[in-house]
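Undergrad: These protein sequence lines are chains A and B, in that order. The first sequence begins at 1 in this note's numbering and counts up by one. The second sequence begins at 427 in this note's numbering and counts up by one.
Among these hints, one or two may not hold up.
[What the hints assert, rightly or not] In silico DSS-like cross-links for lysine-lysine, where the CA-CA straight-line distance does not exceed 25 Å:
#: 1; chain 1: B; residue 1: 553; chain 2: A; residue 2: 133
#: 2; chain 1: B; residue 1: 431; chain 2: B; residue 2: 447
#: 3; chain 1: B; residue 1: 447; chain 2: A; residue 2: 316
#: 4; chain 1: A; residue 1: 364; chain 2: B; residue 2: 559
#: 5; chain 1: A; residue 1: 425; chain 2: A; residue 2: 96
#: 6; chain 1: B; residue 1: 841; chain 2: A; residue 2: 364
#: 7; chain 1: B; residue 1: 851; chain 2: B; residue 2: 821
#: 8; chain 1: B; residue 1: 742; chain 2: A; residue 2: 318
#: 9; chain 1: B; residue 1: 742; chain 2: A; residue 2: 316
#: 10; chain 1: A; residue 1: 364; chain 2: B; residue 2: 742
#: 11; chain 1: A; residue 1: 364; chain 2: A; residue 2: 316
#: 12; chain 1: B; residue 1: 790; chain 2: A; residue 2: 318
[Claimed, not checked] Covered stretches of chain B, as calculated for chain A (at least 3 residues, CB under 8 Å):
#: 13; stretch: 531-540
#: 14; stretch: 710-718
#: 15; stretch: 747-754
#: 16; stretch: 780-794
#: 17; stretch: 839-850
[As the list claims (entries may be wrong)] Now the stretches of chain A that chain B is said to cover, found in silico as 3 or more residues with beta-carbon under 8 Å:
#: 18; stretch: 109-118
#: 19; stretch: 264-273
#: 20; stretch: 303-316
The hints are simulated quantities; they were obtained by calculation from the structure and are not laboratory data. A quick note: this is a predicted structure, and the numbers were derived from the prediction, not measured. Backbone N, C-alpha and C define an ideal beta-carbon position, used for all residues, glycine too.
Protein chains: 2
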Amino acid sequence: MIRFKNGNVLTMDGGCAVESKEVWVEGDRICFVGKPTDEQLKAAVFEREFDLDGDLLMPALKNAHTHSAMTFLRSYADDLPLQQWLFDRVFPLEAKLTGEDVYWFARLAILEYLTSGVSASFDMYFKLDDYVKANIDSGFRTVMCHAVSGPGERVKEVEECYLKFNGMHPLIGLQLGFHAEYTASYELMENLGGLAEKYKAPVSMHSSETDSEVADCIKRWGKTPTQLFDSLGLYNYGGSAYHCVHVTEEDERILAERGVWVVTNPCSNAKLISGTAPIAEMDRRGIRLAIGTDGPASNNALDMFREMYLLSVLQKLKEADATAMQPERILEMACRGSALAMGLDDCDCIAQGKQADLIVIDMKRPNMQPVHNIPKNLIYSGSKENVRMTMVAGKVRYLDGEFFVGEDAERIYAKCNEHTQELIKR
Amino acid sequence: MIRFKNGNVLTMDGGCAVESKEVWVEGDRICFVGKPTDEQLKAAVFEREFDLDGDLLMPALKNAHTHSAMTFLRSYADDLPLQQWLFDRVFPLEAKLTGEDVYWFARLAILEYLTSGVSASFDMYFKLDDYVKANIDSGFRTVMCHAVSGPGERVKEVEECYLKFNGMHPLIGLQLGFHAEYTASYELMENLGGLAEKYKAPVSMHSSETDSEVADCIKRWGKTPTQLFDSLGLYNYGGSAYHCVHVTEEDERILAERGVWVVTNPCSNAKLISGTAPIAEMDRRGIRLAIGTDGPASNNALDMFREMYLLSVLQKLKEADATAMQPERILEMACRGSALAMGLDDCDCIAQGKQADLIVIDMKRPNMQPVHNIPKNLIYSGSKENVRMTMVAGKVRYLDGEFFVGEDAERIYAKCNEHTQELIKR
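Using the sequences and the accompanying hints, generate a full structural model.
TA: Encoded structure:
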């Protein structure tokens, strides 16, 4: 067993109270939360003890929308108009990607997630076998959202992957999904609706990221993306809608009613000037909310602390209300909401029987002092600087700046630089 | 001498090129930049050599507007309407501050600056003797802006401090200044205009932070703050105007013509919903630009990386142009502009004879890989996680997470918590 003692614990098991407790981990699960009796302590055998010495133990953050392997495009395609960015820079390189490229680029992203206290990603990309291998080799948790586009018969591929990747490994999952309305045929979306019904499963996709996307969709089908997806039965069993920057009141009604998770990506939406999603408003309407970084080509960091901070201040600006979007709610979105959006129902909080996806926050750094209010410190002055440890499924993968992912970080950097240079020349 | 070798150097001495060079430091100054000959190497005696091993050496960032000692209010007064924040929370505690409180609270802020690669602050607060002692004891550089308010005769105090603090210590300076139009009498501002003329010196102050501040000023004096200050001769020798969120075209003309530094504080302006300053527009109009964090009560971090990032994305959103506010320009504002706004003409870049205010950026972290473009990496995915070293005036004050400030960090945290609790009870 692994023992965390002498710390403060933010369980997020119903609220944001910080309490002095112990947490014990057996295998990949939390087996004890509380103040142990002398008898419990006598009976316990600990292979490792973490003396938190006043540091904070809390559930890991989860990144509910990303394209991990796009690390190769970081700082390669910035400060360009969207069309030039996509058509001159992103697409030509993506067309030449090999499975091995994706493997190394995803391993790099996983390192970055760990530095930011992230234990799981909801990822949309290609070369799924190589991507999955990168996660298993690193001991990282991921749920894929299938990024299919184009003609209707590609639904077969989605079904094959759904059956292949779910249940293959405890760290791996896949949700039914497709890229977006503007890259999918009507038939594909219709067929995915059938698949959702067949498996009684949620469907996830990009939705309503830019105003032109919504306007084009209305032109094509007489409906907003949300209304179109709903009319095709895609949301009958829930799902995640990535972005939702531009939504109507009717869209919000559908999202709330269907229990769809809106996954917001404030950094990417700002940098690509897509806008600011009405998250505080959606929250008032009871819509389920989660947070993601989007990919490193558009963000460019994979840093959930920056994401939570930006969400907070952009919503205050949008609402013209300095009290909008309280830190406790944002933490709940990033720890619990993002886990539940991925279907990771046992990764959402610290409680007995839950998966041990945990982080330790260093309180002995100047940005966390003095200690008036820990949730506010985390959102308003916290940063990845404060992440001392990231544990995924009971295994320490990051501790005090060092990675434990079965591969040397410097080798991953070297491989990524090498593969990036080759890809540009290819 | 101290030698930095095997690194990449971003000198910022005219542009943002990154080159393979050595930098040598003698005492508090840079004594060599370039590729040394064998003879130069033979003649040199190094007391310390930093093998950068591919990491980046660059000028330190400077924080051009802050209230350092307000660390005690971090996470104490958030998510409240402005009036309640100020009158119920901030003012009652500030009224009870002792010099010893300010000393410890400022020491905490200095630790945080160092973690974020900051070598100097442009600070506005009270209890200047204690504040100055905190900086000298820590080996940190500061220029104060006098925060006087109220009646006209207080100009004497400003003059006394101007004469006392300038020249007292190489790390300490003070600029003529006052708090803001809304807390100053007309006579005080008039008298400060006289002082500016007497010493041919710049005058600095808060200006045009909120729309109501500007509206009230127009009601009182028939002029915007910028126009009022200019009419009183306050800008005859330049100065710094903190915030400038709400400015008119005529204001911008004055600021450009007088060479006034506009110091922007994007995080504080967003969190307190003051708005987004038109920085990209001011840049096109040739206004001098610098960046600051504002105080930890309103920010709540003292993190120039977060400040640079937020400036970048908020300007893109404001301009509705993803290409707005290039990373190179933001770096120039934070390293050079902020130094020059404080009058630190020899702290602005890496060149022979300049002050050795330097930082080392860790390139071997996942968020900096792969390496396509270093300035873009610094702004779009960089963070204080990447600050390996901060040197102030030739002395290493922060290295690999450790502080070298003549006092144990944990003692500073303990003192700050103790003084904060006492202050609340007092």
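Undergrad: Evaluate each hint against the coordinates.
TA: A quick look at each hint next to the structure:
| no. | hint | in the structure |
| --- | --- | --- |
| 1 | B/553 with A/133 | violated, 60 Å |
| 2 | B/431 with B/447 | holds, 7 Å |
| 3 | B/447 with A/316 | violated, 45 Å |
| 4 | A/364 with B/559 | holds, 24 Å |
| 5 | A/425 with A/96 | holds, 10 Å |
| 6 | B/841 with A/364 | holds, 13 Å |
| 7 | B/851 with B/821 | violated, 39 Å |
| 8 | B/742 with A/318 | holds, 15 Å |
| 9 | B/742 with A/316 | holds, 18 Å |
| 10 | A/364 with B/742 | violated, 35 Å |
| 11 | A/364 with A/316 | violated, 29 Å |
| 12 | B/790 with A/318 | violated, 37 Å |
| 13 | 531-540 | holds (count 4) |
| 14 | 710-718 | violated (count 0) |
| 15 | 747-754 | holds (count 5) |
| 16 | 780-794 | holds (count 4) |
| 17 | 839-850 | holds (count 4) |
| 18 | 109-118 | holds (count 4) |
| 19 | 264-273 | holds (count 5) |
| 20 | 303-316 | holds (count 8) |
Hint compliance for this structure: hints 1, 3, 7, 10, 11, 12 and 14 are not met, and every other hint is.
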